[in-house]
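2 protein chains.
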Amino acid sequence: MTAANLDHTHDPAAPSWVESANGHLDFPIQNLPFGVFQERIPAGLTGGEARGGTRIGDEILDLRALSRSGLLTGTALAAARAAAEPRLNELFNLGAGPRKALRIKLFQLLSADDGDREKLSSMLVPVRNAVVRLPMEIGDYTDFYVGINHAITVGTLFRPDNPLLPNYKWVPIGYHGRASSVHVSGDDFHRPHGQLTVPDNPAPSYQPCRSLDFELELGVWIGPGNQAGQPILIENAADHIAGYCLLNDWSARDIQSWESQPLGPFLSKSFHTTVSAWVITPEALAPFRAAMSRPIGDPDPLPYLDCADDQQAGGLDVQLEVLLATAAMRAAGVAPHRLSLSSTRHMYWSTAQLVAHHTSAGCDLRPGDLFGSGTLSGPTVDAYGSLLEISSGGRDVVRLPSGETRTYVQDGDEITLRARAERSGAASIGFGECRAVVLPAVVLGKTPSPDS
Amino acid sequence: MTAANLDHTHDPAAPSWVESANGHLDFPIQNLPFGVFQERIPAGLTGGEARGGTRIGDEILDLRALSRSGLLTGTALAAARAAAEPRLNELFNLGAGPRKALRIKLFQLLSADDGDREKLSSMLVPVRNAVVRLPMEIGDYTDFYVGINHAITVGTLFRPDNPLLPNYKWVPIGYHGRASSVHVSGDDFHRPHGQLTVPDNPAPSYQPCRSLDFELELGVWIGPGNQAGQPILIENAADHIAGYCLLNDWSARDIQSWESQPLGPFLSKSFHTTVSAWVITPEALAPFRAAMSRPIGDPDPLPYLDCADDQQAGGLDVQLEVLLATAAMRAAGVAPHRLSLSSTRHMYWSTAQLVAHHTSAGCDLRPGDLFGSGTLSGPTVDAYGSLLEISSGGRDVVRLPSGETRTYVQDGDEITLRARAERSGAASIGFGECRAVVLPAVVLGKTPSPDS
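As you go down the protein sequences, you meet chains R and V in turn.
Under the numbering used here, the first residue of the first sequence is numbered 1, with each subsequent residue one higher.
Under the numbering used here, the first residue of the second sequence is numbered 453, with each subsequent residue one higher.
No lab work stands behind these hints, which were simulated from the structure alone.
There may be inaccurate statements among the hints.
Said to hold, decoys possible - Partial list, computed: chain V residues near chain R (C-beta under 8 Å): (1) T525; (2) G591; (3) P651; (4) N653; (5) Y658; (6) I707; (7) W710; (8) L754; (9) Y756.
Built from N, CA and C at the ideal position, the CB exists for glycine as well.
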């Protein structure tokens, strides 16, 4: 994806007749992300099936209605029909061609000079009347560890003399995550219980997590997959990416530290994972590509991970932000407190390299698979992507404007991730929010047997 | 599951009018496992959709045909209708009641004294005319590590003084695996490439795996799931298990040792995982339950993993076997060589404990999820469940009757896992085979872009 991929849909001066889109922080006409939504239906009424939509300003354009409107033909129509489904796996399985054709048509229809405004207006659903859903049926979820500052900062907590392990600059480190526990932004969850140890007691106990944390990550949605046993070459890898989202890899640090040897994190990261609702396409992010830059002295990527185009423009330049609003702050109407301002520039490996590496032993990807980047921390405390880092493992207290303090996330806290792509000469776009509130741990008791 | 769960379907004297079932090593009438099959259709003809079946001797009873035959009513009919689908997720989502009702009806219909033999005979498909398919759509696959002898033997290779880590006897150790790369028995695969290091060169390279291994595991299929955030209590956990299979967790040891720090195995175990085709139900295994036995001095399970019924009868007493047939042996008609004879008795945690632990932080299980037990080695070399153990990390050579030698799996080798449940007073049953041949590594070259 290079400057050659810029076209009229990236024109920063282009307005939309959907007025809330013009100057919209996240969703101007240059973005046009895809997602799944349902209308809120008043109690007692029926309807409101989940279906695909495009976010434009404070509205969602109903792609099922559009696919039936007669306004589309050819490839764009085929893509809109796939997007009429309750999951977008088939839309993204179609690949870049249909996805781009639909983008170009949507841009035309939503542009200020289009003549079909009246017809299209009836297909708009105000965001306040809609509920977003998980956009994909996730076959598999993989979490990587390519935020090098996070790896160094966390490594320093545990191995001060040797923070980065010998494989880090050779292997895009990752592990398999849990697909069932990925939820869309806005789904709250209860503090997890787990087996953990507490100071002065060598025997573990089963109790609510005491050190609940967030992790600021970029999510990658996979489009077309590969055949089992057939690695995807780095030259083709970007074509398998359908789009991007924000991802909060909620982590229970005390459960994690007790369970993770020797096979890695398990229940400490599979109770709840939050993703933002809108799939930000590679087309929308074309103006915000960046070169990958390895510090001098680092090894070159091995040939199966090395490609000139990817090294020159395979990175992303997107600002990332973590906001905390405690229950008291929300009740008092206090604005959320920014815990961190970071960037996707802190990825040591490109998203194309993740695709090439993941398939390099023959593992098959399928449309709708999800990758997390790993925590994308900057090098300083104001850019750290987790409380583990910000509080130095729970030792340092964060003071909030409300007078409250935090080391880890408390019940009632709302964590919101945001992303913003800004560059001179381009229209700024965002990802929308990736948000959840932590509810108190459930009271455990008898649950009914599935047999009874 | 105790002796109270034994009924007339376990009568070891019960014959079937399907003559190949009587005395069948794996599939007498007392077994009645469920699976998915397609008929082999000669080239040029159509038909043969995937659907559920019950294995009986050398035949498969077509459950779709049975569901349409008028021979079933009520709960058994509902279960057979669910089993008519190309995946069995919905059958097992129905839980133990419908699954048992169908078993009891199948036992009656296939018993020697049944009057519907002619009608039923038309629904039998000879195994030689059928291809088995993966029985479930796997939402998530989790691999545990509960074979304590394997943990000790492998731990000793890397940490001679301290083979078992401090958490082992408290936590059923597990990690998330890859669902997309689980394949049914009979699907062969190519030796994986991967990033690995070789002696005398500190820099890694990307090349075909040099130390390909099998792992002998019990597979567990999940039936009814749980709501996100709601742990399954140990008392109810067994009710969430739909059945069992054999699982070969193929492992690339050189890729594994290089990639696994700090987050655990990733591509070294996600290129191909083999499961046996037939789901052996808890009902079929009722005569083969065993007490869990912890060595004196080991800690008691924490309360969320402790339940008297499970401690008394939550274990399984099933013999496990690993067979190797090299290409030369198969060409010469030489019988496969037994590499290992082990048992499910070597599990430190019961399958119900795995269910309770997996959901203990709120992770939701879904029907069709798959667990692997981890490698189930016995304490001696003739019972080791991997070549890593048998060859002491590649140092000791295994001599085969053909005159060939092995340290790890070579191209052309066929590895077959088998299982057999035998007890005095019960009809012996088996699991069928879990088999794959390792093909040479693919020649990597340009693969087409999904866009082209």
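The hints, checked one at a time:
no., hint, verdict
1, T525, "violated (21 Å)"
2, G591, "holds (6 Å)"
3, P651, "violated (16 Å)"
4, N653, "violated (12 Å)"
5, Y658, "holds (5 Å)"
6, I707, "holds (6 Å)"
7, W710, "holds (6 Å)"
8, L754, "holds (5 Å)"
9, Y756, "holds (5 Å)"
The structure shown violates the earlier hints numbered 1, 3 and 4.
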